[in-house]
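J.: Sequence:
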Amino acid sequence: MVLHFPDDKLRMLPLIFVVLFMLPVWTSANSAEEEGRPFSVGDHFFYDIKWGFLKVGEAEMIVEDAGPGHPGEFKFVLLIRTTSWADTIYRVRNRVESRTDATLSRSLHYSKDQYEGGREREIVVNFDWDKKQAQYSNFGEALPPIDIDENCHDPFSVLFAYRLEEFVLGENIQIPVTDGKKTLLTDILVEEREQVKTKAGRFDCVRVRPDIKDLGGVFSKSDDSSMDIWFSDDDHKLIVKMTSSVSVGSFKVELRKYVLGD
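Quick note: the sequence shown uses our numbering, first residue 238, plus one each step.
It is possible that part of the hints are untrue.
Said to hold, decoys possible - List time: in silico BS3-like cross-link candidates among lysine-lysine, alpha-carbon distance up to 25 Å: (1) K287 <-> K489; (2) K436 <-> K494; (3) K436 <-> K292; (4) K419 <-> K369; (5) K436 <-> K474; (6) K368 <-> K436; (7) K368 <-> K419; (8) K434 <-> K292; (9) K494 <-> K474.
Since the hints were made in silico from the structure, they are not lab data.
What you are looking at is a predicted structure, and each value in this text was computed from that prediction instead of being measured.
My request is simple: use the sequences and hints to build the entire structure.
T.: Given below as structure tokens:
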């Protein structure tokens, strides 16, 4: 059997992976719990990405030491790839890296090596905190720097920054984010406590709903567009599940397995 996507759904495949992007390691060997952080070096998370009932890709998120050249800093890595059958429709191989300070108060560097459907990009966002500016470049061609807010994050590190926040039902959490082209104030509403079951197990979770009005594209084409993220309701605040409903369908990202670091 050969599966075919309508043109509008085919064009939605890159969005699934883009949303994932929107969507500080101390030099000591102390654990995340000892430092009051919900993550630590060596954390490794594996996700399944589904479009409707079809698995179209996989993702990995990894927490690493930023290396000897960047003492006391975190490096977060995101790897995304389409499945073999989805490769025949729209091949995706993306690698995203984010580096932050030790307290995860702001982003220091962001890069995205992107291959989607034959289109390639090598995006870098450099942060100059003395000037409070960020500058976007693609294959070395830089745009003019833009002004950014204090404690601004990139589209990937913000996911980890949210894990440092206290989730109080009914309250909003706001964190400034930039992709080097523009800045926005991300806003999530802490909605409900729910139980979620995935291949990784059953989790007591807190569901949050990001405000997606500034995402544009298909999110702006329907009043019913929405996105939800489930964080485990424990000390680790694992990203257990993400879903989104848009004008041409829905996608789901679920935790398949995970390994916690030291």
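J.: Hints first: check each against the structure and report whether it holds.
T.: A quick look at each hint next to the structure:
1. K287 <-> K489: Roughly 5 Å separates the two Cα atoms, so the pair holds.
2. K436 <-> K494: Within the cut-off at roughly 7 Å; holds.
3. K436 <-> K292: The hint holds at about 13 Å.
4. K419 <-> K369: The hint holds at about 13 Å.
5. K436 <-> K474: holds, 17 Å
6. K368 <-> K436: Violated, at roughly 46 Å.
7. K368 <-> K419: This hinted pair holds, its Cα atoms lying about 16 Å apart.
8. K434 <-> K292: holds, 17 Å
9. K494 <-> K474: Holds, at about 15 Å.
Consistency with the previously given hints fails for number 6 only.
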